[in-house]
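Engineer: In order, the protein sequences belong to chains A and B. Each number in the working numbering corresponds to the 1-based position in the first sequence with 10 added. Each number in the working numbering corresponds to the 1-based position in the second sequence with 354 added.
Bear in mind the hints are in silico, worked out from the structure with no lab data behind them. Here a beta-carbon is modelled for each residue, glycine too, at the ideal position from N, C-alpha and C. A few of these clues could be false.
[Said to hold, decoys possible] Computed list of lysine to any residue pairs in SDA-like fashion (alpha-carbon distance at most 25 Å, straight line): (1) A/LYS115 / B/TRP492; (2) B/LYS413 / A/GLN175; (3) A/LYS223 / B/THR596; (4) A/LYS219 / A/GLN208; (5) A/LYS193 / A/PRO328.
[Claimed, not checked] Chain A stretches covered by chain B per the calculated footprint, using a threshold of three residues with CB under 8 Å from any CB of chain B: (6) 193-201; (7) 275-288.
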Amino acid sequence: MTPEQPKSVSRPSLPALPSGASGVLSRRALLGAGAGALLGGSLSGCGGQSPTHSEDGRRLLNVWHAWGGVMGPRFEKVCQAFEKSHPEIKLRLVYTQNNLSTNQKFFTSVAAGTPPDVTFVDGPQVASWAEWGALEPLTQFTTSAGVKAEDFFPPTWRQNVYREQVWALTYSADPNFGFAWNKEAFRKAGLNPDDPPQTIDELTETAGKLTQKQDGVLRQIGLIPWAQYGPANSMFTWGWAFGGDFFDYASNRITATHPRVLKALEWIAEFAKDYDPARVASLQQGFGTAEQNPFYSGKLAMQCLHIGGIGDIERYAPNLDYGVTYIPAPPEGEARSSWVGGWCMSIPKGARNVEDAWEYIRWLCHSEVGTQIVGSECSIYPGMRHSPYFEQVKSRRFYRDYVKILEDSRHQRPVMPVQAYYMRELQRAVEAAVYGRSTPAEALAIAEKNTQAELELALAG
Amino acid sequence: MSARELQLSVGSGAARRARERVWTGLAFAAPAIVGLLWFTAFPVISSLYYSFCNYRVLKPPVFIGGGNYRRLFEDPLFFTSLWNTAYYAAFAVPLGIVLALALAMLLNTGVRGLAIYRTCFYVPSVVPIVASAVLWIWLLSPQEGAVNDLLRMVGVKEGPGWFQSPEWSKPAIILWSLWNVGGGMVIFLAGLQDVPKELHEAAALDGARPLAQFRNVTLPFISPQILFNLVMGLIGAFQFFTPAYVMTNGSGGPVDSTTFYSLYLFNVAFSDFKMGYACAMAWVLLLVVLSATTLVLRSSARLVYYGGDA
């Protein structure tokens, strides 16, 4: 069947945000005056504005990025390429973890009127940050630079449009997910290693055949449906695959009780009845370290795999014999279902070097040369649909499958200001259903009711 | 100049000097005073005001009266988090005190190599909390953890699911907390070494057995340390945050079983940006801690013995 087309990005019920930022200004003035009066010049190094030019006369651009670890040096290479092509700009890079739990520093800097010129923001957070007044709209820049919606994969554009304004450009597009299966495990269980399950019924049956217990200890498990990168992401993944939807943009309603979402959770809960969730939990993607991923070590035979998994498997389990395909879906659900996550780039409210900030964002997210360098240095997919990088990866095993998945992606997490809250509520609903604390219908009804109230509270100001 | 005039001028000089000394003193203390006022008093008072506001950090606060407090009492997760925290405090604090005291008494028996044992028991308290939390995730992994391996050896085929199980996640965290009793132990050890030996000797001469000596001699002398550990433990338990955050990735799962009060407060503040609501939660927490501490201090007045003012 033809899956439901994604909703339009125009949301009549959500008017544009007021352009005035008097609250920010008055707070800034208050903080500035207070700090000035009390601390005088003694702390000038902490609260003062940073210089606008480097020692060699280039314009400084302050960038807070989220790339630590092995990604740090790779991202620096991208930035060196930018500086080379823009000799009048000098980048000042600061690694600042900037996710849900570590964004205090960013918000404090905006409140204090000393934000960076460019910040990274997690795609699903763009609407929240726009609603709270932490970002500058980019619409005037995208319009004058001719940046159009169709230049991007649809979900990567939609996640950045909120209240009729563009707030960010997508830097990395994660096709969530590829469905990976362990061919060796299939062979051992007498299954055809080149015939992965395509429907939910096949998936359930195959998972049963791939689960092995020995002396009361699970040795191998076929699938843990609620452990696809956390319960909330699992709910999104299966909910969409089953043909459901999570938000109605026309009426601004949370639709966690969508009949197809409910069907998905019922399937997950049914699955959980055959396993002790607490025991299975220790086999799921545990504490973030790739070496322990149960799929890599062969303990988990099937899982939805994030694109970063390909590199991890090359590094930690180079001999793993596996394949990647589309996520299985029921016949009445959505074939080739997937959604998009990833990082975006934005200009914080109160940024000083706005022109250069836009040029930097545009170059990294919407130029052929920039996206090509980002892709090849950092091994991530740009949100820009016609980036030459995709030609480069189409010859690479697995990566080409993910390009197809990205091209077919129809969804992004709901673009609305209480997305983080919604994620937590969905997680609670999935856990309640999996651990048998409530029926899937009750669990989703609670999630829907709570999130709707939270959304209305947020929109009320 | 007459003697009286001289006296007057000396007197006013002394007064002036005294005034100058006060101002000099204040000037030297100014950084601390300003710091306290600006970085502690001002935020605390602001948070009280914000608790009556709808406040999203980057937008100006809007006064809504008691709205946040009213919503708090309609929020089931608020009560869940309060219950989880009370559960943790009710078990972790007394168990921690008993274990710390037991260890301290063992160390106080004059064993050889006291310093080595003392260090061994104290070391876990020095390990950064995040590191020890991660370590315990490993130890208590239901499938491969050392604890369940041990249980398997003694015949428990299916050990608990620990952090993955809604029933066992709080006991698992309490178990972790007992690993950190080193601080309390050192305090008890210091207290035990202050118990007068002659009292023990006199009691022994009177025929008191070790248990009676402990009850009638040791316990009264270390009652101030017990009170101190109890009060600090209670305050710490109500503010319990880091290990729960690390062990559950900030989710408070499974099924809200580790949503402790501070964890929920943190999510409300920094994930949902309901700073007003979070401030209201913080003030309720302050009241809870204050009442619990007052209760303990009041009820302990007759039970604690401070040497000297008998």
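Engineer: None of the hints should be skipped; say for each whether it holds.
Structural biologist: Results for each hint:
no. : hint                : result
1   : A/LYS115 / B/TRP492 : violated, 31 Å
2   : B/LYS413 / A/GLN175 : holds, 19 Å
3   : A/LYS223 / B/THR596 : violated, 35 Å
4   : A/LYS219 / A/GLN208 : holds, 16 Å
5   : A/LYS193 / A/PRO328 : holds, 14 Å
6   : 193-201             : violated (count 0)
7   : 275-288             : holds (count 3)
Checked against the numbered hints given earlier, the structure breaks hints 1, 3 and 6 and satisfies all the rest.
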